[in-house]
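Build out the structure end to end from the sequences listed, making use of the hints.
Number of protein chains: 4
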Amino acid sequence: MINRFFKNIDKPIPYEGKDSKNPLAFKYYDRNKKVGNKTMAEHLRFSVAFWHTMLGSGADMFGGPSFTREWRTASDPMQRAKDTMEANFEFLQKCGIDYWCFHDRDIAPEGANFAESCKNLEEMVGVAKKYQNETGIKLLWGTANLFGNAIYSQGAGSSPNAHVMATAIAQVKNAIDATKELGGENYVFWGGREGYETLINTDLKKEMEKMTRFFQMAVDYKNKLGYKCQFLIEPKPCEPTKHQYDSDAATTLYFLKEHGLYDHFKLNIEANHATLAGSTFEHELAVASAAGKLGSVDANRGDLLLGWDTDQFPTDIYSTTFAMMIILDQGGLGTGGLNFDAKVRRASNDPTDLFYAHIGGMDAFAKGLLVAQKMIEDKALSKFIDERYSSHNSGIGQQIMSGKATMEDVDKWVRGEKNPVLQSGRQEMLENIINSYIS
Amino acid sequence: MINRFFKNIDKPIPYEGKDSKNPLAFKYYDRNKKVGNKTMAEHLRFSVAFWHTMLGSGADMFGGPSFTREWRTASDPMQRAKDTMEANFEFLQKCGIDYWCFHDRDIAPEGANFAESCKNLEEMVGVAKKYQNETGIKLLWGTANLFGNAIYSQGAGSSPNAHVMATAIAQVKNAIDATKELGGENYVFWGGREGYETLINTDLKKEMEKMTRFFQMAVDYKNKLGYKCQFLIEPKPCEPTKHQYDSDAATTLYFLKEHGLYDHFKLNIEANHATLAGSTFEHELAVASAAGKLGSVDANRGDLLLGWDTDQFPTDIYSTTFAMMIILDQGGLGTGGLNFDAKVRRASNDPTDLFYAHIGGMDAFAKGLLVAQKMIEDKALSKFIDERYSSHNSGIGQQIMSGKATMEDVDKWVRGEKNPVLQSGRQEMLENIINSYIS
Amino acid sequence: MINRFFKNIDKPIPYEGKDSKNPLAFKYYDRNKKVGNKTMAEHLRFSVAFWHTMLGSGADMFGGPSFTREWRTASDPMQRAKDTMEANFEFLQKCGIDYWCFHDRDIAPEGANFAESCKNLEEMVGVAKKYQNETGIKLLWGTANLFGNAIYSQGAGSSPNAHVMATAIAQVKNAIDATKELGGENYVFWGGREGYETLINTDLKKEMEKMTRFFQMAVDYKNKLGYKCQFLIEPKPCEPTKHQYDSDAATTLYFLKEHGLYDHFKLNIEANHATLAGSTFEHELAVASAAGKLGSVDANRGDLLLGWDTDQFPTDIYSTTFAMMIILDQGGLGTGGLNFDAKVRRASNDPTDLFYAHIGGMDAFAKGLLVAQKMIEDKALSKFIDERYSSHNSGIGQQIMSGKATMEDVDKWVRGEKNPVLQSGRQEMLENIINSYIS
Amino acid sequence: MINRFFKNIDKPIPYEGKDSKNPLAFKYYDRNKKVGNKTMAEHLRFSVAFWHTMLGSGADMFGGPSFTREWRTASDPMQRAKDTMEANFEFLQKCGIDYWCFHDRDIAPEGANFAESCKNLEEMVGVAKKYQNETGIKLLWGTANLFGNAIYSQGAGSSPNAHVMATAIAQVKNAIDATKELGGENYVFWGGREGYETLINTDLKKEMEKMTRFFQMAVDYKNKLGYKCQFLIEPKPCEPTKHQYDSDAATTLYFLKEHGLYDHFKLNIEANHATLAGSTFEHELAVASAAGKLGSVDANRGDLLLGWDTDQFPTDIYSTTFAMMIILDQGGLGTGGLNFDAKVRRASNDPTDLFYAHIGGMDAFAKGLLVAQKMIEDKALSKFIDERYSSHNSGIGQQIMSGKATMEDVDKWVRGEKNPVLQSGRQEMLENIINSYIS
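Protein chains in written order, with our numbering: chain A, 1 to 439; chain B, 1 to 439; chain C, 1 to 439; chain D, 1 to 439.
If you are wondering where the hints come from, they were derived from the structure by calculation, not from laboratory data. Any given hint could turn out to be false.
Remember, identical chains collapse to one label, so a pair may be satisfied in a single copy or spanning two.
[Said to hold, decoys possible] List of simulated lysine-lysine pairs, BS3-like, C-alpha gap at most 27 Å: (1) K293 <-> K205; (2) K138 <-> K38; (3) K11 <-> K33; (4) K374 <-> K206; (5) K412 <-> K206; (6) K242 <-> K379; (7) K222 <-> K412; (8) K379 <-> K205; (9) K379 <-> K18; (10) K18 <-> K33; (11) K34 <-> K21; (12) K224 <-> K404; (13) K374 <-> K34; (14) K374 <-> K138; (15) K374 <-> K18; (16) K257 <-> K206; (17) K404 <-> K180; (18) K257 <-> K293; (19) K205 <-> K82; (20) K21 <-> K383; (21) K18 <-> K34; (22) K130 <-> K7; (23) K412 <-> K119; (24) K404 <-> K206.
See below:
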């Protein structure tokens, strides 16, 4: 086990059970415990987000870095990148997390020009591969950072500037190569700059055409490589861009349908992006799942009273329970996983806080998994739901749904009946049932 | 001219021009004035919303009616309905508005059972038709109220209850008949109850299947009738239902695509619904227009600091200008129009306030039309926009867009170039230009 | 025990403990169980909101009543009022709730004029008093409905119309009389119409002067009566009015300070009003409590993704735990209580849903009480907090806080020191600790 | 005139009038034009915000700098500071703006320790003073940056850490000294970190006591210096901190009242902070003005659909008109002014965009001033408002307001009257009147 940057954690975080008072132990996450037909680790497929956990500095729009990380102190950029990669695998091992995720620019410094940046990336991919081999830790997904560099300030794949768009395309090519080299099971697109600041300088239609080309070229390239990874798009409504084109699940699916890309992509749903879109995490999960498009999850939580991506660690048991119910109902996330796209607060400046944070997130999802599994087994909600919709299984309901009855038939039928009688939707009773499972 | 309920307005509202101080005159709306190749009336196709203007009572969630309307005083429901219809046409004539819109339950009282309600509706359609013939005023669109009655509290076309769903279908059949009889150029679907209060008692997929059947049956019926009106769906994210399925333009278009209904519908975009969806009016118009699906507009405005549908009259010249630019750019609204789905405030309890409100809305759009037309003629924005996107007309941009270049080609090209150079997006300059046209 | 309207509930709701599957039993609320030095009933002082529970019809802005309540069927208004009062006490007894709350217009129908309304109120107060005496149930607070009647559409105590303001004052006088007659421990002011729709027709300063007079007259009258009840103001930012003057706790306290009314009022904090104000329930509780002004609580929950008062029953254990920590920390609510200002959903149309809803709310607060008490006993958070602030107990911290050091002294001291070193705020660790107590 | 960094602007921006098509000319702002009894320059007292205009880099939470500014290229920090100061005065002269504002850390680089930072500040104050003398440009206000440095991540004046609090106090001392030396007419406090991230690690009461000491020490120091500048607090609800204590005007005024600081402070109201607080710019201005506490304005605009401080330049004529009406009504801003706390968009990467932006803001306020002055002269709104409140000038209204009538008197009077009759609030008519002045 690597033991260089987090020396105060001298062994992997243990599972100690619900009554432990040890803040550096799991209360619920017991990786080999069977829940239904899979272990907790197989269900949850946790992943560390390299950018937040390794690179997060505590900086925000009104202040510079507040963290001092030992692995970020080397003056040579490549050495710093290597130290950071080592810290990443040390952290993964000590947390007992099997997957990691990265952006190209996270793991390798930008060079003076594009070719140099690519060279740095290749070298760091080699470094990461070595650690993967040594530790057995795998890559959940890779992606390209098409939002940080100033050239992307007016869009990347949708940029009005052909040179910029070309650079975005080339960058994605290299990021796909890197992800393939590391055996990534998925590749993610998050279009932080694919959108507009104002319609008064924007040609919406042209930007959509560019996005279409951009995605199509990536699909073509992946196919040419014969690379079997799942492409994922991660919706977000705004921030940094005022209006992002992939604003939520339905909007993204519409874009894919409209432009002939539907079969090539699934969605990576993030909790905080859902709430910024004026929706709930579970709504976005449910929409994606109903379409057979729920591919992976960025597991975090937002603050519904704040209008930006706070990317807090998921700790709300209600939320993790709802999420796990949808995930269990669709038979798991397949090649996807639960990636902690979450960061410790600016005031949590001690590296040990990274452990508290991940432990909390893992326990919250483990508890959610346990509750969800039990509720599904007990048909705690589904029994009521099935009954609620049962009137369509026969009579006029069946005739309507089967396409047998026309509007005129239905009109005639209704005129011959008394007024309909409603059954209660029982929201309050069901909310109480959920509480009885959670607490 | 009818002259019974608004006797203090003894002639149609005149156009008096910008400097008039008469609050009962138009400052900008001059119906026969040519703007480009159409008159203002032809461009704007204003419509009165029967429900707000004739039936609005000033009631809100915390208080009962605050208006006393002479046309709502008859004790017999059918007489009250007839008086109200007369008031409607009197108001239309005096405002100089050519179109009106209604829900079935607006114009005719509900009877003791469905058949009786249908009979009332038929009778009132006859009354309305007579007024239409006498005045030359036309029906922009009709719709069915599938949200007011208690039976729809858990959905109408998506109800879990087969009897309720059947009733919704039958009601739509009769509303389509009524709209056809009145020569309605469009028929609107707004699914105020088509959504969920909570996912814990909901089967999302089954509800989508029901919605699909519901819409498909209406399409089939219209086709069978050989009725050429345009079907429109009006998106709204929430209220009354926590989450409505047709939450915004893109979501609705996705639903239509996914369920084979795309060709049969356009959208009726409402300003206040757009802002409730966390978007701008112009964004929703632009999305619908880019898809060739902008069919009609519910012209009002919301209060972005309030989280419900305030349905205020449109008075913001920036907003009406942006709207008219998009409408002019797509060559007008076709069979659609600008329907004032707006209500006077609870404190505006004088019937004359209805005139102030409509005059203000009409003038705001007339001014918006004038500004938009001038800006388009001057290429005030479009010249900059065209230049902004011009780098895709040749070189690598063209190769990318034409599909000639692969990712690998682009990668190679980028490696041979210097870093890209960006041109300013000029948002501030363009905002100043807009101000110079507006003020 | 009254047994007329809720015959399917034939005995008071029993406590059956955590593992009960009976939806009509308490899982946590065990009224005589001692928690610290008080019983659960003494801590929680639950109250039923007459308006929602007895009068709630399921109506919303887009639909009429969806509930049929047997106690609302009598055609004579006074008989209906009496039946409703009986149902109220039957419900209170069967739920095992000790307190109720009402608005004057809830319990007695409005008459043709003000005097008649007062007469109806007096009669119904007599009816209520009889039930109170028979059941031992008490009045937590009374209030006047100054928002429902059309005359209050432009304000009540702040109305620009002197006759309206006079009516509001007279109505409050009679409501105070009624509350006194029923032994109410508090009297509440919620100014749903005390605010403005638009500043363009408003004189803010004059409206503040009116509000001041209005409150002062109520204080004077209470004093003259020698009536010892606590006056409470209930903040809310908007709805129905665009901007209400008592928008949140701090704003209300500022108004009271500025206008010489501070000593005469405490606050009644509502969860949903807090979230509408862009704040959290616990923030508003904390602000009120820190000022010694937390008098009572309207216990409900809102939906942070919806912009109106959804008034849902409180079921979130996190929220009830935070609330109870603040309440325990200040030694309880004194004469106040936890009033369920909450309503069952429009789709929950069965009277039994009222029981589910109250049981859920009571259990959620009982669980919150148990968790809060344990966390306080264990110093689960407070130990960390005390240490976090300990540097002000000596040295330069003490000199600053005691007023001994001037700015110049501090400047000199800082120049002689090294840069400060920060300790982690440990938010994630503390969040995990809370989860370990809750789940 | 300085002519080094903005050479393409070779003379001060001219006034060319409404019909000019020159984007580098004023359409409305004519500095010496008399409006009422003052010139436009005297009314508007524009100020450049050093941090945004000189230091703004286009960076956001998802991307680094996108601007290249010639004045930020020197490698030596003090030389860079001096170049920037020169650019500042060049920009001020060329825009024809008379005032500027700064934070201590804007104008001088931080040194290795506090003493060194103070030394740098002193030197740069000398540089600035020289430019002020040469150009006649004045300092509107100075302030201390108590939010950027990592030590303030848990608060500055309210920090739980005594050393941090001491540093904040010392920093303010030196910032006051700097402001005094430059003849600043005001000194501003914005407490970006004075608040909490979570209540679970916070002692609200202790933090309030610290804030009180912090402000009191500044007051004492200013008095000791005999320095006559106005102290201003700038409210903001959140960002960077989840909850800031000075969240809006009323909350801030409550804090000042409660802690004996009321007489020593006025408010600096920012448009975007008002909208983040769930309120309007004009509401916050009106609250501050009604209390006699409107001291200065941070003139910008937010995006009501985005939940963070977008700090856009003010271009909405409605908003500038409402602001100027309130400012004119209180007789101007006294020592305060209109400070453009606004930044060009990330995509506006050309230094000339800084000119477009300030020209747009100045013209928007100049137009707002002209409209406001005309509406006030015409009593366009005030005539209606005065009539609306006139019923309190006699009869029962007067008796209530004068304190002559008791509740019982009013009750008796109301019982003798018929029901009150309401006059319309005329919101729609007044909105139309405003449009007739603006367009």
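Hints and how they fare:
1. K293 <-> K205: both (25 Å within a copy, 13 Å between copies)
2. K138 <-> K38: within (19 Å within a copy, 55 Å between copies)
3. K11 <-> K33: within (20 Å within a copy, 44 Å between copies)
4. K374 <-> K206: between (50 Å within a copy, 24 Å between copies)
5. K412 <-> K206: For K412 and K206, only the inter-copy Cα distance (25 Å) is at most 27 Å; the intra-copy one is 50 Å.
6. K242 <-> K379: between (43 Å within a copy, 25 Å between copies)
7. K222 <-> K412: between (56 Å within a copy, 17 Å between copies)
8. K379 <-> K205: between (47 Å within a copy, 18 Å between copies)
9. K379 <-> K18: both (25 Å within a copy, 19 Å between copies)
10. K18 <-> K33: both (14 Å within a copy, 25 Å between copies)
11. K34 <-> K21: Both, since 24 Å and 26 Å are each at most 27 Å.
12. K224 <-> K404: between (47 Å within a copy, 15 Å between copies)
13. K374 <-> K34: within (13 Å within a copy, 32 Å between copies)
14. K374 <-> K138: neither (30 Å within a copy, 42 Å between copies)
15. K374 <-> K18: Result: close both inside a copy and across copies, 17 Å intra and 16 Å inter.
16. K257 <-> K206: both (17 Å within a copy, 21 Å between copies)
17. K404 <-> K180: between (51 Å within a copy, 25 Å between copies)
18. K257 <-> K293: So K257 and K293 pass the 27 Å test inside a copy (12 Å) and across (16 Å) alike.
19. K205 <-> K82: neither (43 Å within a copy, 46 Å between copies)
20. K21 <-> K383: Answer is between; shortest inter-copy Cα gap is 15 Å, intra-copy 38 Å.
21. K18 <-> K34: Both ways: K18 and K34 sit 17 Å apart in one copy and 25 Å across, limit 27 Å.
22. K130 <-> K7: Within one copy only: 22 Å inside, 55 Å across.
23. K412 <-> K119: between (73 Å within a copy, 14 Å between copies)
24. K404 <-> K206: between (44 Å within a copy, 18 Å between copies)
The structure fails hints 14, 19 (numbered hints given earlier, in ascending order).
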